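**Student:** Chain B: place on chain A using the hints.
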Amino acid sequence: MFGGIDPGLLIASLMVASVPIILAAIGELVVERAGVLNLGVEGMMIMGAVCGFIMAVQTGSAVLGFVGGALGGAALSLIFALLTQFLLANQVASGLALTLFGLGLSSLLGQGFVGIRPPATAALPFGALAEIPFLGRVLFGHDWVVYLSIASVAATWWVLRSTRLGLILRAVGENHDAAHALGYKVRRIRVLAILFGGAMAGMGGAYVSLVRVPQWTDGITAGAGWIALAIVVFAAWRPWRALIGAYLFGGISVLQLNLQAAGARIPVEYLSMSPYLITILVLVIMSSGKGKAALNAPASLGQTFHASR
Amino acid sequence: MTRPELLRVDKVTKAYPGVVANSDVSFAIAEGEIHALLGENGAGKSTLVKMIYGLVKPDAGHMSLRGAEYAPAEPRAARAAGVGMVFQHFSLFEALNVAENVALGMENPPPMKALAGRIKAVSAEYGLPLDPARMVGDLSAGERQRVEIIRCLLQDPKLLIMDEPTSVLTPQEVDILFKTLRQLAAEGTAILYISHKLEEIRALCDAATILRRGKVVATCTPRDRSAREMAELMVGAVLTPPARAGGAKGAVALEVVGLSVASPIPFGTSLKDVSFAVRRGEVLGIAGVAGNGQDELLLALSGEVRAGREAVRMDGVGVGDQGPNERRTLGLVSAPEERLGHAAAPDMSLVENALLSGLVRKGLARRGFIDWAATEDFAATVVRDFDVRTPGTDVAARALSGGNLQKFVVGRELSQSPGVIVINQPTWGVDAAAAAAIRQAILDRAAGGAAVVVISQDLDELLEISDSFAALNEGRMTRPRPVAGLTIDEIGLMMGGAHGMEVAHHGQ
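Chains as they are written, first to last, in this note's numbering: chain A, 1 to 309; chain B, 1 to 508.
Isolated chain A, as found in the complex (with noise of 0.2 Å):
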């Protein structure tokens, strides 16, 4: 106990409050790393958090919820894809525009379920082991979306390092020229990154709407996007420090909600600004790094590919 905070309660929260990060800047990881720039993130959380929040709602079953926040997110994403890999709009200016649509078209969506109870998201039965103090807090008291953000880190992590599907998206993300001349797909590779990415930040929007807050209002996800999009610049495009970062923030985020809590004689706007601001000064610092954050960047992300004579 310090300043009235409680560590395990703090670490335990800031795990929860990181999930929607996680989930969405490891599916924009993947996403960059198949050299696509989808600055759409903010734009798929929140349909994933209407999508999410309504099928939870008619048919009961938070799981449900989740599954089609994952599809809402993926379906905004196709669009992205349909633009960026068949009609080679800039990706820049349709990923602003995804989440333009997203937060418009989520509000429509959201019009008759403003002030409902969604169906609530447990925390798995540990048993005994909860019990233990504080390790039992920070790690048998979660429900089963934070351990799956845990796990998809690590899957995300082993199948780029380890297997021929992650070789493969790398190359494409590095060279998409080179990889068409040896014969690699590299319009569907990228499509089913796209994809990944879309249902990935569906499910963090669903967390939000599900579980976090838990209703649906305007603009639920309030920028939880553009920092899962920091993030992974953050994380030089590794999915283990994206991890870090995203828990890092996270234990911001709820760090300030804590210190308004116990009562700290800062301005409440200050603490809220506070994510934000440090968002914009960790993008600072890692691109005046003199290109080193940069030469970690896949070489082809963002550019158009045509595949060409």
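Hints may contain errors.
Far from chain B by the CB rule (all over 10 Å, computed), these chain A residues [to be verified]:
| hint | residue |
| --- | --- |
| 1 | L71 |
| 2 | V114 |
| 3 | R170 |
Estimated spans, in silico, between C-beta atoms of each pair [as the list claims (entries may be wrong)]:
| hint | chain 1 | residue 1 | chain 2 | residue 2 | range |
| --- | --- | --- | --- | --- | --- |
| 4 | B | A262 | A | L165 | 32 to 42 Å |
| 5 | B | S401 | A | A151 | 47 to 57 Å |
| 6 | B | K11 | A | L165 | 36 to 46 Å |
| 7 | A | K185 | B | K120 | 57 to 67 Å |
| 8 | A | K185 | B | D156 | 23 to 33 Å |
| 9 | A | I280 | B | S401 | 37 to 47 Å |
| 10 | B | L356 | A | K185 | 52 to 62 Å |
| 11 | B | L463 | A | L88 | 16 to 26 Å |
I should point out that these hints are in silico values taken from the structure, not numbers from a laboratory. Quick caveat: nothing in here was measured; it's all calculated off a predicted structure. The beta carbon of each residue, even a glycine, is placed where N, CA and C say it ideally should be.
**Tutor:** Just chain B now, kept in the frame of chain A:
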């Protein structure tokens, strides 16, 4: 010499919108034969091999492999049938290591550890040593080519296609490559060898098919023909070498002293203590295998990368800390290798592109306003003087073919009455007649009193136009030497020899 036939290409035709790349092309390769495919840029060589490798589908015609119908739908099918290809522009991934790059080119690669062992074994067997764990971005051009060759060899190919393999190698590396290729041919592998370097083809190949404008114009045995005969078959015209006036040289116009700069390019090569001087009327040729600091040297001379004030001097005045426009004012013009995106803005018209570099020296702006009439005149003059084939000066730079755009960007620089000229790869991708015209224009400017630095990977070109010769190797430059009396062996050693390659010792 009746070896069984391996591949037969029969009346293959491929057309793209506006151009017929291949028209009724037929030829055959026997097992263990080294077959040359000769032709100018744009003659249709690349399209032809892409069809054999399954990257492009022919519109009409047949191919057969060992008597059976052969129509690969994709490179994977070609590889499965035993066709391997080493690309002209390497199909490698810089941020991946050697083993990963090799694995990407294989159908069913073994686990990484086993693959690393096989890479070591095969590379040693053919005298092309490689470390499987190294990052490809850190390798020299010759080593990168080894990665491509090993990638093909691991799949035990029956036919190996090599697209301009020697353009990035030193003469010693070329020798080793040829020994490896002869060894492969002796083992029964057929090799389809694409090049426009005639002496190499005479030394290496058993047969040659010559293409011009998409058609087979001749087949011959290279050993029985002179290089000149084959060149004239390729071009379809008689060639005249450029004339040079051996005038006296003037005072030193460009001097570089102890120039060291870090490369701004990822995986680039830093310049290390480069020093040389060029007199008025002198042409200094700088050779080197691609990626040994040529791009960086051009950047440092043009002013895009700054150095210490006294590291670069023009007419005795230090300009090392000044930018491109200040140096242009003093009379230095430069033409980089990359035409689209560096020498010219792709989506801007020729007039606008003429303005971008001619603004300072041609006085194309007054009080901040552009004098469009004078700019159009300038662009039209360049188009006329350098025979740029274009519908007009208002078309986008992107719309010109590579050779025509090259004539335009070189002509634009040479038309600014320069005192110092720096050019990287002046005739890259330009056909023989246009290349001769560009070389002649460079020699004319030198005769008119300009100091010229030509950076090129084409040794024949450098020997033809240079007065003195130097080579870049890993960012260091050799002392310039007079061209007269230099032998190819000496040049090869200046370029860095064989980079630790050894001759194949397999089967001895």
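**Student:** Hints broken by the structure, by number, lowest first?
**Tutor:** 3, 7, 10, 11
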